[in-house]
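Chemist: Make a model of the complete structure from these sequences and hints.
There are 2 protein chains.
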Amino acid sequence: MYPESIKNIIDCLKDLPGIGEKTAERLAFALIGFSKEKLTSFSDAIIAVRDKLTNCEICGNISEKNICNICEDKNRNSKIIFVVEKAKDIALFEKINIFNGKYHVLGGLISPLEGIGPEDINIDKLLTRIDSEGTEELVLALKPSIEGETTMQYIKKVLENKNIKITRIATGIPIGTDIEYIDSMTLEFAFEGRKDI
Amino acid sequence: MYPESIKNIIDCLKDLPGIGEKTAERLAFALIGFSKEKLTSFSDAIIAVRDKLTNCEICGNISEKNICNICEDKNRNSKIIFVVEKAKDIALFEKINIFNGKYHVLGGLISPLEGIGPEDINIDKLLTRIDSEGTEELVLALKPSIEGETTMQYIKKVLENKNIKITRIATGIPIGTDIEYIDSMTLEFAFEGRKDI
Numbered sequence: 013m014y015p016e017s018i019k020n021i022i023d024c025l026k027d028l029p030g031i032g033e034k035t036a037e038r039l040a041f042a043l044i045g046f047s048k049e050k051l052t053s054f055s056d057a058i059i060a061v062r063d064k065l066t067n068c069e070i071c072g073n074i075s076e077k078n079i080c081n082i083c084e085d086k087n088r089n090s091k092i093i094f095v096v097e098k099a100k101d102i103a104l105f106e107k108i109n110i111f112n113g114k115y116h117v118l119g120g121l122i123s124p125l126e127g128i129g130p131e132d133i134n135i136d137k138l139l140t141r142i143d144s145e146g147t148e149e150l151v152l153a154l155k156p157s158i159e160g161e162t163t164m165q166y167i168k169k170v171l172e173n174k175n176i177k178i179t180r181i182a183t184g185i186p187i188g189t190d191i192e193y194i195d196s197m198t199l200e201f202a203f204e205g206r207k208d209i
Numbered sequence: 013m014y015p016e017s018i019k020n021i022i023d024c025l026k027d028l029p030g031i032g033e034k035t036a037e038r039l040a041f042a043l044i045g046f047s048k049e050k051l052t053s054f055s056d057a058i059i060a061v062r063d064k065l066t067n068c069e070i071c072g073n074i075s076e077k078n079i080c081n082i083c084e085d086k087n088r089n090s091k092i093i094f095v096v097e098k099a100k101d102i103a104l105f106e107k108i109n110i111f112n113g114k115y116h117v118l119g120g121l122i123s124p125l126e127g128i129g130p131e132d133i134n135i136d137k138l139l140t141r142i143d144s145e146g147t148e149e150l151v152l153a154l155k156p157s158i159e160g161e162t163t164m165q166y167i168k169k170v171l172e173n174k175n176i177k178i179t180r181i182a183t184g185i186p187i188g189t190d191i192e193y194i195d196s197m198t199l200e201f202a203f204e205g206r207k208d209i
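Line by line, the protein sequences are chains X and W. Residue 13 is where the first sequence starts when you use our numbering, and the numbers rise one by one after that. Residue 13 is where the second sequence starts when you use our numbering, and the numbers rise one by one after that.
One or more hints might be untrue.
[What the hints assert, rightly or not] If you anchor each label on the Cβ, the simulated ranges turn out as follows:
| no. | chain 1 | residue 1 | chain 2 | residue 2 | range |
| --- | --- | --- | --- | --- | --- |
| 1 | X | Glu-200 | W | Ser-47 | 56 to 66 Å |
| 2 | X | Tyr-166 | W | Ile-108 | 31 to 41 Å |
| 3 | X | Lys-86 | W | Thr-52 | 32 to 42 Å |
[Said to hold, decoys possible] Pairs of lysine-lysine residues, derived as DSSO-like cross-links and limited to a Cα-Cα distance of at most 30 Å, are as follows:
| no. | chain 1 | residue 1 | chain 2 | residue 2 |
| --- | --- | --- | --- | --- |
| 4 | W | Lys-26 | X | Lys-107 |
| 5 | X | Lys-107 | W | Lys-34 |
| 6 | X | Lys-107 | W | Lys-19 |
| 7 | W | Lys-169 | W | Lys-100 |
| 8 | X | Lys-48 | W | Lys-100 |
| 9 | X | Lys-100 | W | Lys-48 |
| 10 | W | Lys-91 | W | Lys-137 |
Derived by calculation from the structure, the hints in this document are not laboratory data. A virtual CB, placed ideally from N, CA and C, is assigned to each residue, including glycine.
Modeler: Right, here's the structure in full:
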């Protein structure tokens, strides 16, 4: 019923996560109301995502250069590496501005159920980095899920003979959340991770 | 902190209605994960919105041709015109498939407060159509708001000397909505529009 061009843009928008038919229609009509200049910029921005972005050769971060800004930054402490699942996670930690080390993006988590093994994620390069960069601490900032735990245990195991401190970020109750909504496993972690006040 | 290409796509996405910073970031990273082919289609779809869409010369509907499919359709009853505010509204009525007449898009509503008068919306062309197409009924499918009511009253007034039936779609309580959430003006309309059961 819609003209082809409207159908196509609705279909493209529906490919985005969390965008259903109705939202896609609403966004499509918003786009139709955009100026020609704005539509050109939008299309150009998508083409730039297609053509300019690559993964940093060292850490796997998304970057416009072969080596990302963080890996290139000589002022950052290269002795400590934050291990994250996705490149987007780097942005989250960078925003809170508490960490001045380097990052390493695994690009996934080990999941025997889904057939994802250690060889399918970016672990080999992490091991090489640890040797070549003389890493002293590895902070595992992975999701506390079966896959996250499996991946953390795997990394701990392959590094057990190396003299390197391995930590994980705390699992517990998020600020502002009522304890009644917290699952029992998180409560257990929160109890084990209790601190003196 | 993000590379330029990520910043740009986030900015473009943020221009869409209901998309804030966080959602824009989430969508941008989803786009980064798209295949090159998908990104090309997406960009092409936006360019098609920019270059191919126009407004139907007769009714104002969004169309790829000068005359839209509905206006061109000889099987539709041209004696009855559904008057809507926005082109998107046509799609809503077409979906429920209850109406086989023609449409007319005003492209806005009269709003003295915002300085929008009858001359700023697509009413003149409606009057010409009524004469040339021999319209017998005008169904006003406008938002029941001050602007909608003003526009409906204006249309009624300019057509008072013509032999044409003017109706408006019912104002009342939407299906599934608890009456306690309904404003008093809607309740008044619902009462006035009561029907025998």
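Chemist: Confirm or reject the claim that Glu-200/X and Ser-47/W have a C-beta distance inside 56 to 66 Å.
Modeler: violated, 41 Å
Chemist: CA of Lys-91/W to CA of Lys-137/W, is that 30 Å or under?
Modeler: holds, 16 Å
Chemist: Run the distance test for Lys-169/W versus Lys-100/W: straight-line Cα separation, threshold 30 Å.
Modeler: holds, 26 Å
Chemist: Quickly compare the C-alpha distance for Lys-26/W and Lys-107/X to 30 Å and report which way the hint goes.
Modeler: Holds, at about 19 Å.
Chemist: Quickly compare the C-alpha distance for Lys-100/X and Lys-48/W to 30 Å and report which way the hint goes.
Modeler: holds, 19 Å
Chemist: Is the distance from the Cβ of Lys-86/X to the Cβ of Thr-52/W consistent with 32 to 42 Å?
Modeler: holds, 38 Å
Chemist: Lys-107/X and Lys-34/W were given as a pair; does the straight-line alpha-carbon distance stay at or below 30 Å?
Modeler: Holds, at about 12 Å.
Chemist: Quick one, are Lys-107/X and Lys-19/W close enough, alpha carbons at most 30 Å?
Modeler: Holds, at about 14 Å.
Chemist: Given a hint of 31 to 41 Å, does the C-beta separation of Tyr-166/X and Ile-108/W actually sit inside it?
Modeler: violated, 55 Å
Chemist: Straight-line Cα separation of Lys-48/X and Lys-100/W no greater than 30 Å?
Modeler: The hint holds at about 19 Å.
Taken one by one, the earlier hints fail for this structure at numbers 1, 2, listed in ascending order.
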